[in-house]
Structure formats: structure tokens, C-alpha cells
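Q: The whole structure should be built from the sequences, with the hints applied where relevant.
Given next are the chains, with one letter for each unit.
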Amino acid sequence: MLAKKIRVLIAKPGLDGHDRGAKVIARALRDAGMEVIYTGLRQTPEMIASAAVQEDVDVIGLSILSGAHNTICPQLMKLLREKGMDDVTVLVGGIIPEADIPAMKKAGIAEIFLPGTSTLDIIEFINQRYAAKA
Amino acid sequence: MSEESKTTSQMVTPAETGNESRAASPAEQAWEENTLGPTLAKSPERVDHFTSISGHSINRLYTEADLPNWNPEEKLGFPGAPPYTRGIHSTMHRGRLWTMRQFAGFGTAEDTNQRFRYLLSQGQTGLSTAFDLPTLMGYDSDHALSEGEVGKCGVAISSLADMEVLFDKIPLAGVTTSMTINSPAAVIWAMYLAVAEKQGADWRKLSGTLQNDILKEYIAQKEYIYPPEPSMRLVIDTFEFAVKNTPKFNPISVSGYHIREAGSTAIQELAFTLRDGLEYVEWGMRRGLDVDEFVPQLSFFFNAHSDFFEEIAKYRAARRIWHKAMVERYGSRNPRSWALRFHTQTAGCSLTAQQPYNNVVRTALQALAAVLGGTQSLHTNSLDEAWALPTEFAATIALRTQQIIAHETGVTSTVDPLGGSYFVEKLTNEVEAGAWDYIQKIDAMGGMVAAIERSYPQREIAEASYRYQMEIDKKEKIIVGVNDYVTKEKPLDTLQIDETVAVRQAERLSKLRRDRSAEEVARQLAALRKAAKTTENLMPYIFSAVKSYATVGEICDTLREVFGTYEEVAIT
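One line per chain: the protein sequences are S and V, in this order. All the letters of the first sequence, read from the start, carry residue numbers 1 to 134 under our numbering. All the letters of the second sequence, read from the start, carry residue numbers 135 to 706 under our numbering.
Read the hints as simulated data drawn from the structure, not as lab findings. Predicted model only: the values in this text are computed from it and were never measured. Check each hint, because a few of them may be wrong.
As the list claims (entries may be wrong) - Under the rule of at most 16 Å between Cα atoms (straight-line distance), these lysine to aspartate or glutamate pairs were calculated in the EDC-like manner:
(1) V:Lys681 / V:Glu654
(2) V:Lys624 / S:Glu98
(3) S:Lys4 / S:Glu35
(4) V:Lys608 / V:Glu623
(5) V:Lys609 / S:Asp121
(6) V:Lys608 / S:Glu98
A: In C-alpha cells form, the structure reads like this:
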């Protein structure tokens, strides 16, 4: 029986255009056998939530280096709930002060990956999480 | 010379490998047999193949055999004279130290003004301004898309009023000022010029730099607003205006820093930057500007990454390539057009969140490479920048790093100390050859705008950045504290910027809109809109508009109406 591929949306929310990390991770996840959709730059939470629904993804990976995470994340989580996407695993990578992490997790972000994270760790996290949910 | 494996062959171009056969001298051959051989038999080297951080092959030893037919007069020359390999001034840092120019900006104009004046008081010798993302993208602080972003990555500037506060108690005539702004560069520059005018400064004596390099936005930093053609028009408008009005001001800083930060190799950084420079030269000439009139005012901006000698070779190759290109491609006759002047910033992408105090060491070594490479101006990163914008404490250490290099290491006592090193000269040759290969490839595509439209540099960078990450994940490249020598540590105290900045900016903008003449603003924007549809130089119109206190957003929106906006085809 063929296993269904894990579907991942990689998104760049807000005005920040620094996409090196998002693109490297998108490719790493693809090479690890996941179905990856990259939204491109300057997405609003609305655009990301809509894309997540449209693409019926299992995971959303947000790349935020701009310091806007405390605004973006709660907005996105609210929209996902409203759209009935409670099951989606939301991950964040980027520049996030340690002090902000507990609140983000409380808001429903499954994990935050800081600079220096190996792509292998992200792949493992998603695989394990998905296996647990399946 | 070791052979490149297939997977890395795209980084080492045909020009660099195999063309010149290496004839080791009898003495060297004897050494290989009698001294090296036994050593290798007893203890092999740590890896099979040594490469620079960019993947460039590095040999065990470099001798005169690596520089066959090397003519020092042709390749090396003397500092301050063609081909400028050794530097663009005959006395280099003996005559004048590089400008210590720390990139700074956060929160409101008051916050940044305070940091500017602090850094000047601590001995920095030039200003460099970081703007927040809304400003960089041509949005006012109270625009819907600015939510959560105001003052976070740089200073929030929405109008001339903010700019006036930014430079309060800073006489612009007395300090050179750099502004890192691209799509709205003409607008911010106009505001700077208006502040200078208000201060009574003579524009003809004003000195500084506007980044204003839109090509690298499409390639790497992605802070574009408009499509390439109208964006280039705006850039050439600033060149024209600068030639006429601000002869000591650099209207552009053709940048490789961001290209490198996006993950390119050193050769790609060099090649794409210089080819961008040549693109600006050609567009300027097509506008009817005399090459020797405007090129002296072009400046450059490179990264100082961690591979020490590769960086030094890169800067030396840059000068040699630019001189050759200016003379051979454009028949330039003004030595001031031939001498490539550059600012350097140490590599932000090399900073680690883990064990952040290690970053002081990284930055120091990178800064040293920039100095030995002959930079004219330097920014050193702060230890905490993988977490946040720098605290005053961290920014001070970064500045002291430059001061220690300048005053305690002795490296400034002589010009181009590494000149004549077999390794450095060979590496300089290889980096130069690799860059020319790319330049010629891009020429064949029809130039840089054409190359961007087919995503060529973007794809090269994406490939290089992925390759690099795989090397790190596989521990083929070690990053201390990250994939080796890992420890658990307590979090740092970092700079906090909260939403009060956005609130203050919103209040300010409300007040601004009440106090200014709405009719005058409307008139100015209408004139700008009309001129934008022609081929007139837009700088005078933008200058008038900013003086009426039209905002960054209003001016950029006016141009959005005429020029349209750009969306990239994403390459992953």
C-alpha cells in the first residue's frame, strides 16, 4: 500500500523578503519525499490560511525573520481555527527571541526552529508528528 | 592541482582548472618524494579534499609553479595605479584608515538618532542607516501591511518630518552618511537632501552613499516594488541628478553582500555584483551620460565571509576586473572610473544563535580579511544579531573590533601585505577567472536584466545555498557551537522593540496630515504622476513632493500607479 505523501506549505508571511531558509527547507523536505508548496513572498495570514485549505496541507512552515511573529502567528492560528484547519501542524523558523517561544507554543505553534537547525531535524520532527497523527 | 568532482564542477569553471599545467620544480618534486610522501604514509590528511567555504579547491602548498608566466607588473602592479590589485590608493590605510561605518537603525527616528550619536561619540567615522521593512517596501508606518513590522528591522521613516528627527544635532556636512534603501531610494535620498538644505549644507560638498541597487533586489534581497525597467529608470535618474548636483555623493552602492547572504559562493558574489555594476554603466551610457562623468560616483559593497583568504582574493580580483572592464569594454579614460571603491560588511549569515559570544571572534576575523583586502569602509556585526538587532553593548564591541584591528595589529602599517604570496596571487587569479566566466555567460544572455528575467542568478544562488546546507547537515563543514562543540546555554538579553513605535508613528502621521497642505501634496503628487509617464528625470519632482511632506507611501503609491508592481517567479 502506497503511503500518502505529507503535504507541506512553506510560507513567507509579512514584508520580509529573505527567503534563503524557506527555499532550502522546501527543497530538503521535497527531497525527503514530502509534497511541498512554496507560497512565495509577502503573504498575509489570510493568503496563507487560504492556500493551506486549498492545498489541503498537513503542515505549514512559516519563515519569519522580521520580528513580526507576535502579530502574524496569532492571526494565522485564528484563521486556521475559523477555517476548520485545527489539525494542521504549524511550524515557525527564523529569528525568534527565546522569551517569545512559550506564548507562541501556547497559541498552537507546534515547534519553533531557530537559526542553526539542521534540515534533518525538521524532517524527523514532521515525520514523527505525522506518524503519530496517522 | 586536485581534480574537482562532478558535483562541485559547476563552482570551478573551465578557466580555472586544467588550462595551465603545473610544472613542479625538481626541488619541489624531491620534497614531495622525500618529505611529504613519508608524512602522508604515516598520517594521512584530515580530509581527502580541502575546499573553501564556497567549495573552491584549496591545495596543500602553493609555489612559483602555481604562477607560471605570472607578470607582476601586469597582474599585481602598484597600489593606486592600474590594475589596482594592491589597492586603489598608493598609501591605503597608512594614509587614511577605512571609514568605521556601523549600520544602525531601529524604532523611531529619535531612537536611531540617539544610537547614531552614541556610535559617533565612540569613534565611528561615518553613518549608516537601517530602515524598517515598511519603509524599505514603500509603505507608511500606518499602512495595513506594516502591522507588526514598524521599527523592528530598522528605523521607521514615513516622511521628511521623521528624517529631520533622524539627523537632529548631526550636521550632514560634517559626516558621510550611507542609507540602505533600494526601491524607495530616490524618495529617501530626496528627504536627506531636504534635511541637508535645511541645515544649510552645500550639496556640492555633501558626501555619502545611497544603496539604490535594484538589480540585487531581484537577485537576492527581494525588496523590489516596481518591475525592472521603471526601477532602472529611477536609478539612472539618481545618477544624472548626482552628477549635476552632488558630485561627492555615491548615488549607488552596487552590492554583493546580499547575494552572498542569500547563499552564493564567493565567485558568484563577485561576478553578479560586478556584472550588475556593468549593467548600470551600460544603462547610464544609454541615457547619454558620459561614462567618465558618472562612473567615478559608483561605489560597491561586498560581504566579508569566514573563509579568510578566499575573501581577500575576492577583493583583489574585484579591483582588477573592474579596471579591465572599464578600459576594455567602455574605453574609459578617467582613472577615477577605474578604481573600484567598496564598503564591506562582515557576514550576517555566519552568525550563530548558539554560543553568541563566539560571533565576536567570527566578526573580528572577517573584518581582518576586509582590511587586508583593502576596503574603504567597514561595518562589523554585533554578537547578538542572530537573535535581534544589536544592543548598545554588543554594537560597542563590534566598533571596538575595528579600532583594535586599526590600532593594535600593525596590519595597516603596510599596503597589501599578502601581495606576492603564491597562494593569495593564485587564488586571486582563480577567483578572477571564475568571475569572468559568469560575466561572459550573462553577457551572452543579453545582460543582467535578461539573466534575472530567466532566473539565472537566482537559480545559481539557490543551488549554492542548498549545497552548503547539506554540507553542514552532513557535518562536512563544521560550524562551532552549532553542529559540533554544542552546549546548552542561557538566553541572551536582547534589544526589544515593541508596538509603541507603531502607535507613535500613527499619531505622527495623523498630525502630519493635519498640519500640511493637502492641496500642495495633491499638486506635487499629480506632477510626479504626470512626469513618471514621460522620460523626465523624476528626482526634482520627488524632491518637491517630499518638501510638501508627502509621505513615503504616498510617493511610492503614485509610482505604483504608473509603473505597476513586480512579482517574482519563485525558484526553490
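Q: Between Lys608 (chain V) and Glu98 (chain S), does the CA-CA distance stay at or below 16 Å?
A: Cα-Cα ~27 Å, so violated.
Q: Does Lys624 (chain V) pair with Glu98 (chain S) here, judged by a C-alpha cut-off of 16 Å?
A: holds (10 Å)
Q: Does Lys4 (chain S) pair with Glu35 (chain S) here, judged by a C-alpha cut-off of 16 Å?
A: Since the Cα atoms of Lys4 (chain S) and Glu35 (chain S) sit roughly 10 Å apart, the hinted pair holds (cutoff 16 Å).
Q: When you check the alpha-carbon spacing of Lys609 (chain V) and Asp121 (chain S), does it fall within 16 Å?
A: holds (14 Å)
Q: Can you confirm whether the C-alpha distance between Lys608 (chain V) and Glu623 (chain V) stays at or below 16 Å?
A: Not satisfied, since the Cα-Cα distance of roughly 24 Å exceeds 16 Å.
Q: Under the criterion that the straight-line Cα-Cα distance not exceed 16 Å, is the pair Lys681 (chain V), Glu654 (chain V) satisfied?
A: Holds. Lys681 (chain V) to Glu654 (chain V) sits at ~10 Å (cutoff 16 Å).
Hints 4, 6 from the list above are not met by this structure, while the remaining hints are.
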